[in-house]
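Participant: Protein chains in written order, with the working numbering: chain A, 1 to 311; chain B, 1 to 430; chain C, 1 to 298; chain D, 1 to 252.
In case anyone wonders, no lab produced these hints; they're calculated from the structure.
Note that the coordinates shown come from a computational prediction; the quantities given were computed from them, not determined experimentally.
Treat the hints loosely; a few may be bogus.
Distance condition first, Cα-Cα at most 35 Å in a straight line; then the derived DSBU-like pairs of lysine-lysine [said to hold, decoys possible]:
no., chain 1, residue 1, chain 2, residue 2
1, C, 33, B, 219
2, A, 176, D, 143
3, C, 56, B, 263
4, D, 235, D, 135
5, B, 264, C, 56
6, C, 33, B, 388
7, C, 33, D, 74
8, A, 176, D, 135
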Amino acid sequence: MLRDNTSKVVFIGGILIIAFGFFAPNWIVNQLMFGFSRALAILGLLVLWRTGLVSFGHAFYFGLGAYTVAILDIQLGVTDVFLRLFGGACLAGLAGFLVGFIMRNYRDIFFAMLNTAISMVLYGIIVKTESLGSTDGFAISLPTIFGVAPETKYPLFVVITVIAMVSALLVNFYLKTTVGRLTTPIRDNEIRVEYLGFSVAHAIHLKYTMSAILAGGAGALMAMSLGQVDPDSMINWTVSGELVFITILSGPGNVIAPFIGSLVFEVLRTYAFELAPHLWQLIVGGTFLTIIFFLPGGIWSLIVKFGRNKS
Amino acid sequence: MKKRFMTHALGMVAASALVFTGGIAQAKDSITIAVPSFLTGGAAGPFGIPAMNGAKMVADAINKGTLPAPYNTKGFGGASATLIELDEGGGATKQVAEYRNLVEKRNVDAIVGYISSGNCQALAPIAEELKQFTIFATCGTPRIFEEAPRKYVFRTMGHATSDNVAAAMYVKEKFPDMKGYTGINQNYAWGQDSWRDFDLTLKQIMPNSKASEKTQFPKIFAGQYGSEISAMSLDKADLIHTSFWGGDLEAFIFQGAARGLFKKKIGVMTVGGTAAYRLGKKLPDGLVLGARGPYGILVKDRKSVLNQWFVNTYKNIYGIYPSGPAYQYGQAILAAKIAYDKAGSDASNEQLADALRGITFESFSTTIEMKLGGGHQAATENGYGITKYDSDEGENVVTDVKFYPASCVLPPDGIDSVDWINGGMKGAKC
Amino acid sequence: METFLTILLDGLQFSSYLFIVSAGLTIIFGVMKILNVCHGSFYAWGAYTSAFFIGKFSEMGMPDGWGFLVILASAIVVGLVLGFLIEQVILKHMYHRDEVLIVLATFGLFLVLEDVILIAFGTDPYFAYQPMALLDSVEMGGIVRDVYGLTLIGVAAMVAIGCWFLLNKTKWGTILKAVIFDREMGIAMGINVPLVYTLTFIGGAILGGLGGAYIAPTISVAPGLGTEVIVLSFAVVVVGGMGSIMGAAIGSLIIGLLRALAVHELPQVELFVVFAVMAVVLVFRPEGLFAPAKPRKI
Amino acid sequence: MKQSKPILEVRDLLKTFGAVVAAKDINVDVNRGEIVGIIGANGAGKTCFVNMVTGYLKPTSGSIVFDGIELVGKGPREVTHAGISRSFQVSQVFHTMTVAENLTIALAIATNRGVRALSEMETPELTLQRDAVLKRYQLENYKDMTVNVLSQGVRKLLDIAMAVVSEPRILLLDEPTSGISVEEKFDFMDVVMGALKEDNVTVLFVEHDMEIVERYVSRVLAFYQGEIIADMSPKKALADSKVQEFVIGKRH
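Please put together the full structure from these sequences, using the hints given.
Facilitator: Now the structure itself:
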């Protein structure tokens with residue numbers, strides 16, 4: 001039942017959150033911005049995951065998006081939020097399209113690992129290149145919106161939320177199309193898909209490129225809302241791990257799940273860090289294991305269960 | 001499963017409630033100071049933990065009013081301070097997010113700390129954006145106050161330029177015959193700046209010596225330097241400069257010493273002071289050792305009341321002599337006290353900044369003049385010595401200690417370090 | 001000539017290190033099809049355990065030569081305890097799940113174990129220089145080398161020969177190869193596959209622990225040392241071909257020698273070399289140099 | 001029945017795997033509307049032949065011309081697009097999805113080629129079509145059941161139904177009745193053949209069961225060691241001595 005209402009929920013929820021953000025304290029707005037930005041990447045991973053593909057290297061595209069924003073800002077002085085986002089998403093999408101020619105032939109763990117390998121190549125290049133900021137990375141100026149430099153973060157928050165809404169709706173629509181529905185079928189039986197007349201390679205290539213665009217956009221928005229990029233927080237394999245973690249945490253059930261999952265992750269990390277600064281990895285890792293073992297459908301499955309119990 | 005999740009959620013709600021009430025309860029008789037430092041990772045042991053210890057010890061003494069005069073008044077402008085300990089690890093981006101949380105969520109009054117130059121560089125603009133009174137304690141890159149004027153950000157120790165200019169001057173004085181030099185530095189702002197300043201200064205003051213073409217820049221926390229040591233052993237240079245710190249430095253000393261590197265070459269370690277007490281007999285003799293200013297082993301025997309208080313109290317509590325980071329964090333906390341004493345415990349960020357800007361104060365081991373970067377960047381003397389194991393005492397000592405005054409090793413206010421060195425260090429009073 | 005010899009030795013030494021840490025990873029992958037992210041934890045635990053006990057024994061006045069026994073014992077104990085626990089408590093219940101989910105579980109484990117190290121050993125670094133000091137140094141090719149570092153080459157050779165012998169000359173090797181080739185066939189042949197898995201995982205864990213335990217005397221054993229190792233061993237395994245011991249050996253040699261060359265001749269590209277090799281191999285042979293082509297089952 | 005030009009012309013087909021010859025000297029013409037039974041012992045090259053025609057295996061040499069189009073060098077997808085579908089010896093369906101979902105996907109792929117794959121999948125027309133197929137193959141009762149829980153017979157029906165939704169001109173069935181009980185097999189074949197007759201499809205099917213062959217086919221191709229040893233009507237074929245010796249004899 002929830003699925004049919006997804007568009008409505010996204011639309012109304014988005015508007016409510018934008019209104020809420022106006023009154024919310026800054027730190028909550030920040031958490032929402034970080035959560036929604038990252039959720040875009042999760043949306044892409046969700047599309048892949050439904051097809052049975054898990055990428056352990058999407059920090060590659062996330063980082064590409066983020067660093068594109070940094071280069072646009074520092075080298076070219078581009079401040080407009082949409083230009084930066086467009087740049088980040090496009091570059092990541094282009095890279096994803098090219099890498100996709102290799103990736104579409106791989107499945108399972110090989111797919112996961114090849115992605116890691118490629119992301120580590122980018123990591124190695126950036127860490128070693130002084131003009132790309134090496135380990136330090138770059139600070140990024142606050143973006144302008146329609147030529148206006150905003151006084152607070154709120155306008156950026158509105159932009160991010162709207163983009164998150166649009167992306168969720170687009171992905172939701174995509175998942176209803178024929179190629180979008182080719183998720184479980186590909187996971188179940190590729191040969192049959194081929195004999196039905198659809199190219200599995202093309203379908204995966206499309207999904208992969210989509211996920212790259214989304215991850216690039218996520219990186220770009222993240223860079224702008226944080227105001228900082230660096231390789232260890234944007235490209236290292238641990239970041240890819242985090243993205244997958246949030247995907248599992250969210251569950252593949254619905255395009256809304258990534259947004260909830262990302263927010264939960266953001267809150268979890270903030271509090272883990274606050275309450276046990278020495279042990280936040282243990283808390284995050286422990287949660288991860290718990291989800292894998294006891295809640296394979298992620299948070300979304302809880303919501304569905306809750307909804308069922310009620311009705 | 002559901003239960004599990006609910007308890008989790010409840011835990012978070014409870015936790016946030018705690019934080020909120022903590023915020024409300026805060027009044028003029030107490031303040032919170034966030035102290036970020038490395039609590040995990042390779043830098044924790046040699047740097048982060050001593051630093052945190054120094055901060056805790058000094059804050060504790062201030063709260064009790066047990067610091068020697070003239071700082072024997074109780075509290076920070078009368079208020080007692082609670083320290084929030086934070087991990088500085090995880091990269092600059094994560095620190096930016098945490099910093100925002102500190103200011104906007106946890107409503108801390110002041111932020112005092114940071115070891116990594118990468119973090120400081122990323123956080124300075126954020127601090128300015130959030131208008132948050134912040135004192136950087138240890139990080140070294142000169143870029144922070146050179147790339148933009150700051151209003152809320154301070155640093156209570158000299159920057160890396162003074163470390164490396166002083167190192168070059170010390171080399172000139174003690175090893176006038178040095179013909180060539182090479183370096184191994186970490187591949188980020190700190191290492192790059194350090195090497196550049198050292199190299200440029202030597203080009204000015206020892207024009208006959210030659211820099212090696214192959215200087216090493218391994219990644220931070222690499223841990224193994226076998227090939228690098230071989231390469232430097234084969235290099236014709238007779239001196240090796242390094243700004244390594246923490247675990248990297250200790251690993252490098254071990255591996256180099258085992259292979260006789262420091263018998264063949266002069267080792268100059270700008271941050272070597274932290275290793276002196278920790279490595280004991282394993283520290284080779286004859287290293288040129290700095291402590292990024294007048295701290296740690298270089299000033300252990302300074303007789304001032306403040307210094308003796310610091311050394312003895314630290315030794316009593318932690319069982320080891322205080323190294324540089326302990327001093328640096330201690331004096332940053334002290335600076336916070338001075339600012340609060342002057343502006344009052346309920347002072348705004350602006351008032352606190354005004355109170356600290358441009359002042360001169362006596363710290364534990366030296367005099368600090370906040371005279372660079374528009375009164376935001378400290379200028380202190382800087383010095384070096386040569387290591388020697390004292391087998392009678394069973395500990396390392398430094399000999400031939402020589403200090404250079406601030407005006408000798410730091411550029412005048414408003415002039416960038418690199419320009420100043422390249423211009424022949426005009427106005428240096430040595 | 002001097003330089004050439006030095007590069008060769010440096011390269012061999014680094015290759016040996018790479019091989020020891022990646023052999024366990026590739027064996028586990030070959031047999032169990034698990035990319036074990038917490039291999040880095042085995043390494044870290046091995047390093048901590050050996051550094052801790054070498055220090056303790058030295059304080060107690062035991063001769064420094066005991067250090068070598070401590071190293072070996074640490075690797076075995078860490079491998080047995082951690083390997084057994086992780087396999088029995090976590091992985092065993094996941095074999096029917098998606099391979100990728102198992103990778104993720106090991107990632108979660110890695111995070112947890114990183115902090116458990118902090119709880120167990122604290123944040124202060126450990127030094128265990130005694131075995132290295134004991135072996136002293138020699139002059140080779142005009143520069144001084146520590147003998148301990150050179151023994152690393154011997155240890156790597158022993159590991160390689162041991163693996164080769166086990167796989168090709170013993171009954172166990174035949175069983176392992178059957179399982180590597182086809183898990184279902186192994187079961188059909190009456191092989192106790194769960195037991196093979198447990199033992200393989202412990203074996204891989206011991207090798208991971210050995211890497212850490214053996215390198216511990218040359219480094220400052222400090223928190224966070226496992227993260228770097230994962231990336232390096234991962235690169236080796238990708239280059240060599242996942243699941244192939246031979247591949248791991250060749251991958252280690254290629255990366256180790258090229259890196260040594262870079263450090264001596266062009267230090268700027270040193271870190272990049274590792275990833276450049278990986279990228280080139282990926283583009284031209286994405287399955288790695290030595291991986292057997294995986295048949296697609298219909 | 002016979003028309004001037006055959007719909008499928010196979011010429012001098014050869015397939016070797018190293019030293020093993022899997023198919024040799026295969027020459028067959030199939031005319032529109034024929035129902036051809038392919039018989040032979042295990043390993044005689046029947047499935048290999050089906051795999052070559054449907055693009056799963058590439059012949060070592062020879063040609064396969066379908067309605068004027070050369071198929072050699074084309075993959076399964078292109079062969080499907082050309083108008084040839086197949087079912088499998090072991091049913092190849094989406095086992096974690098329901099019967100209805102399986103058919104919906106099959107129909108959607110068949111209808112929405114190219115850019116139209118990016119239009120919404122579940123339209124009312126598609127649902128109508130799907131229900132019609134469900135009815136024709138008597139799958140209505142299983143509509144919402146997951147394939148995992150279904151019997152082999154139902155899976156095979158679904159497998160065939162999915163192959164037919166793209167409205168192929170030739171359909172190749174690889175052992176449609178294998179795994180189906182003796183009692184069910186005639187009912188099963190009645191459903192399948194009845195439905196196929198409505199669609200007027202040319203059918204080639206591999207079959208071990210001579211009763212089925214006798215009852216449903218108009219022509220028999222008998223394979224032995226990679227070669228066709230008989231190409232004749234079922235009655236003649238079953239009486240043929242070579243067929244009896246190499247095909248039927250071996251089976252009993």
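Participant: What hint numbers does the structure not satisfy?
Facilitator: 6
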